[in-house]
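J.: Let's have the full structure, built from the sequences with the hints guiding it.
Our numbering applies: residue 174 is where the sequence shown begins, and numbers increase by one.
Note that these hints are calculated values from the structure, not bench results.
Remember, it's a predicted structure, so these values are computed and weren't measured experimentally.
Note that beta-carbon positions come from the ideal geometry of N, C-alpha and C, so glycine has one too.
Careful: at least some of the hints might be erroneous.
[To be verified] Just the calculated beta-carbon pair ranges, DEER-fashion:
no., residue 1, residue 2, range
1, Glu252, Glu431, 24 to 32 Å
2, Leu183, Leu474, 22 to 30 Å
3, Asp260, Arg415, 47 to 55 Å
4, Tyr222, Leu248, 36 to 44 Å
5, Lys343, Lys305, 25 to 33 Å
[As the list claims (entries may be wrong)] Simulated crosslink set (DSS-like; lysine-lysine; CA at most 30 Å straight-line):
no., residue 1, residue 2
6, Lys454, Lys220
7, Lys305, Lys373
8, Lys284, Lys379
9, Lys212, Lys595
10, Lys202, Lys456
11, Lys599, Lys212
12, Lys577, Lys184
13, Lys456, Lys441
14, Lys585, Lys466
15, Lys212, Lys284
16, Lys276, Lys373
17, Lys454, Lys507
18, Lys466, Lys454
19, Lys375, Lys291
20, Lys454, Lys441
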Amino acid sequence: MNAEEEIRDLKERLEEQDGNCRQAAEIGKALLEENIQLKSNMDDIVKQYSKKVETLQQDNYSLSLKVEAHAKEKLWFDEEMSQLKTDLQTQKQSLSEQFEIDKNQDSLYYKKQMNELKLDYEQAQAIEKQLKEKIEQLEELLQQQLNQTQISSKSFYGDELNEMQQELMKLQADNTNLTAQMIDTHMELKCSQETCSSLKTKLCSKDEEIQEIQCHMTSYCNNVEKLKTENADLSAQLEALRMETNSHNKKGNSIFSELEDRRVEAEKRLISLRVKNETLKEKFEIEKQLHQKLKMQMVMLLKMSTGRSDSSTVTRLQTQLTEARSTIKELLEKLEKYENSENIQLPSITDIENKVDEEDKKYVQYLITMLKTKESEVNRVNNEHRYKNLQLLDVSNKLLTQEKSVVELQQKNDVLRSQNIKLALKNEELQLKYEPDQIQDQDSKQVLQRQKEKIPLSEISTDTPEPQIIEKNNTSISDSSYLQIATRLNIPRKKVPLSFRKTVSISNDVDIVSPDGKVERSSLSDDKEEAVKLEIKGAARPKKEQKVKQVKVEPENIHECKQQ
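T.: Next comes the structure, spelled out in structure tokens:
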């Protein structure tokens, strides 16, 4: 029971460690993605700022050129100002004359308006007189009607007279209405005649105004045309003066302008190259620091990976443990069945012989002898089976001890490799600190080859079957222990003078230990690549060298002139 509890504890610990490994792998993956994204963002920001700095410096240079041009233009503007002053004086005189003309025209216009207002006033007075006369006539009619009503009230005649008087009154009222209408029509006639006369006078005044406006328009158009011609002359003079200022002291050769343009282009290109050089230096320093940090992180990973147990060995041990448990259960079940069968009381052979007739006794004895021979054979086979099982257990124990020794050797190898890498990193740091000039000289003279090293990290256990590794002698090895031994026994290669420092990366080439004890090199690439690689035996595969592209800017021939 204690062993089972220990096994459970170990299983739980292994599961926790696997969970921690998975979590660490996920976190590492997320951090790597974030680092890649941050690096891309940083590169974009650096490019943007370098472009901005370049544009600002180019703008500064162009502004300095503009300042020089403005200083030259200032002298020209001073001369232009003196000329403009004279032009302004002439324009002032012409404007004063135009002002006097406009003043006279305005005075005439206002006089005409005064005359029109006087006519309107006289018309209003005439209308007022007519209205007064109308009022007097209406008052007289009223008095007549009042007198008639008084006379009609005093007379006391009969009914016929009253009827006649009523008819008379109606006729008189009609008469008064007709007279009033007649007066109104007369007044309307007079008003219409007066309005007609006033409209005629207004029409005459408007015709005169139209003629004056036409005269103004013609004078205004003439002035505009004169100003346009003057503006065109001035713009032509301006362009001529600019051409004279850009002609390098009025030398009539185009070589000077081309040389000036080339000088400006070369200075702009020099500014952009300076900015790019500064940005590349800063980027190089940042990449150097990141490279150092990555090296330290890899050393830490190697340290962390040395103490961990391999997932493949753990899974293999778990399978062996489950198989052992299943065999134990089967044996226990068989034992129980055997005990139950023994408990059943079988009739003895003597009882059977007594019960059988004398004729069948011989046949029974024959069967008993056959049974005894079979039992002896079964016992012999069981003894052989036990002996074979014991031999198998001995072999499995030896294999386990060898595997333990192999795992210990792998761990020691990992520890030594991590220590070696750490010492190399310390050596590089000390050289960078105390002897940076020698390192730069070595980098310029010596070219290092990239070396791939396998990082022995604990693999996450999955349900996928283990891939079979094909050796160079076409023998397949499916055992996971051989694969792990091969991945741990990577032999570091010698340095070749190339232009790269030592870097760490996961390699496809592994060393495989065959059952005979021979170490042979093979790759984990595809079958097509393996078929090509298996043809070459014993020959060392050369490393791929990265070609450095050298950018060379061809110097322009200054003595040559561009084609116009």
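J.: Going through the earlier hints one by one, which of them does the structure break, listed in rising order?
T.: 3, 15 and 17
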